[in-house]
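For the record, the sequence lines run as chains W and B. Each residue of the first sequence is one higher than the last, beginning at 888 in the working numbering. Each residue of the second sequence is one higher than the last, beginning at 57 in the working numbering.
Be a bit skeptical, because a hint or two may be false.
Said to hold, decoys possible - List time: in silico DSSO-like cross-link candidates among lysine-lysine, alpha-carbon distance up to 27 Å: (1) K1046/W with K79/B; (2) K1019/W with K1046/W; (3) K1019/W with K205/B; (4) K1019/W with K273/B; (5) K1019/W with K79/B.
Source of the hints: derived by calculation from the structure; they are not laboratory data.
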Amino acid sequence: MNVIGDMVPALALSAPLLRVDGLTKFYGVQRGCEGISFELYPGEILGIVGESGSGKSTLLQCLAGLLAPTNGDIHFRNTQGAEVDVLALPEPERRRLMRSEWGIVHQNPRDGLRMGISAGGNVGERMMAVGKRHYGQIRATALDWLSRVEIEGGRIDHKPSQFSGGMQQRLQIARILVSEPRLVFMDEPTGGLDVSVQAKLLDLLRVLVRDLGISAIVVTHDLAVARLLTDRLMVMKDGHVVETGLTDQVLDDPHHPYTQLLTSAVLQA
Amino acid sequence: MTLASSSTSDITYNFAYLDEQTKRMIRRALLKAIAVPGYQVPFGSREMPLARGWGTGGIQITAAIIGADDVLKVIDQGADDTTNAVSIRRFFARVAGVATTEATEEATIIQTRHRIPEAPLSADQVLVYQVPQPEPLRKLEPRETETRKMHGYGEYGLMQVRLYEDIARFGHIATTYDYPALVNGRYVMAPTPIPKFDNPKMDHMPALQLFGAGREKRIYAVPPYTTVRSLDFDDHPFQVQRWSRPCELCGAGDSYLDEVVIDDQGSRMFVCSDTDYCEGRRAEGHVGTQLEQSAGQRLTGGSS
């Protein structure tokens, strides 16, 4: 089902940024996810929804290179326009890709931040990793990014442990977006935050992602997050994709019985 | 003490304490370390008659390279007369029967902790460092599997983050010892707890530099005439410590100075940390401010 063309014609003309074919991950005999195929286009945000244990986090970790899949292919179009086989890349190049063109936003900011290092150092790390060696410039860029995620410049030398949960999550986002990645993976980016902080964070994410034209894959069990943030949805159950489509279409007119169950289970506030 | 007699070897031990197989194993590790400057080579560190952390890595390297005609000097914090230095020197005098010395120029092997001698070293000398923590990235990245990859792929951005933190907190790079350095343009190395004052001496040094970490079981090396560049930022270049006054015993203005508290009123004096260098200068007739004052009181040596 190619519905992208109806929505954003410009995107459909360009080649996909990420192409996934038959991605499968087994933990021994236990199935994590099986036979997942999809394409992600530049500037598009794909949501993966499903209940706990449906394999969505396994899928994200395989995509982001944190887990080695049992089977399947992942192809990524790099800045030179060439399609690279991510799983066949030598490790140093894969790591370089992951810290320059990719980014991962963890559910728990402690997994993505260096807690013993100041906010400025956290944001500056990716710049220094690609060879920036001018302290003044690194600090200026870090300050700029802190203001873009609405953290006061005066807190640049504070450690993340002195920040609230919402601020830590925003700092994690700044730390990743500073390298202007083209593809960002988010695992429950609003998990563990209260509703008003969630709303602000979602708003911020939406602005940043649209401004920078970043493609993103967002795993969430919160359908409201999916509705706000994503263009397209994949619904997963027992390691398989049961339904895909435009977000509004899937949420308003679900076809698969499981998706119908999922959408009807949302509490209406 | 200079050039002691060399016929006092304790025959109940193998020459230089370690058995020959162990020495071969350490020499193989040393050869690999010299071939790949700055790379940490694992080796089978042995129990030594000395607690781990007191220089067992340095002692094992010295034991593996020392020969009957070598002359050994051991320094601890630049001084030849501290407990650790005296004990290690006596150890090798006993188990290898080698000559020992306090004069930097006379020594063929210098085992050191915390300092590089002030006198320039020559191509026929070997400097052996005792290393407590060989991994420069350890404080930033606790996982060994990860630090090995970072070295392997040359990912040293994190080291720069540590220096960034220094500037952010203190306004300048406040790391004063164990200052990270890039060896031969490839591996970042922990130069052990030597002050950063000594880092420039490692660059293109004619002497061979060997590093042994006994507890962490690693050996690494800087071959003669190899570049050793201290890491820094473009707008915060590497700088060594400076003192506002010269050594108060010998008047040297170019040496690394220790601050010594000399009475209960908090008075203090600055003296060379390299005792051999300081004594050598005084023997040549150089006099510092403290010595001038105490000349009338017939004090000749320290500040007692």
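Verification of the hints:
1. K1046/W with K79/B: 47 Å, violated
2. K1019/W with K1046/W: 22 Å, holds
3. K1019/W with K205/B: 21 Å, holds
4. K1019/W with K273/B: 34 Å, violated
5. K1019/W with K79/B: 44 Å, violated
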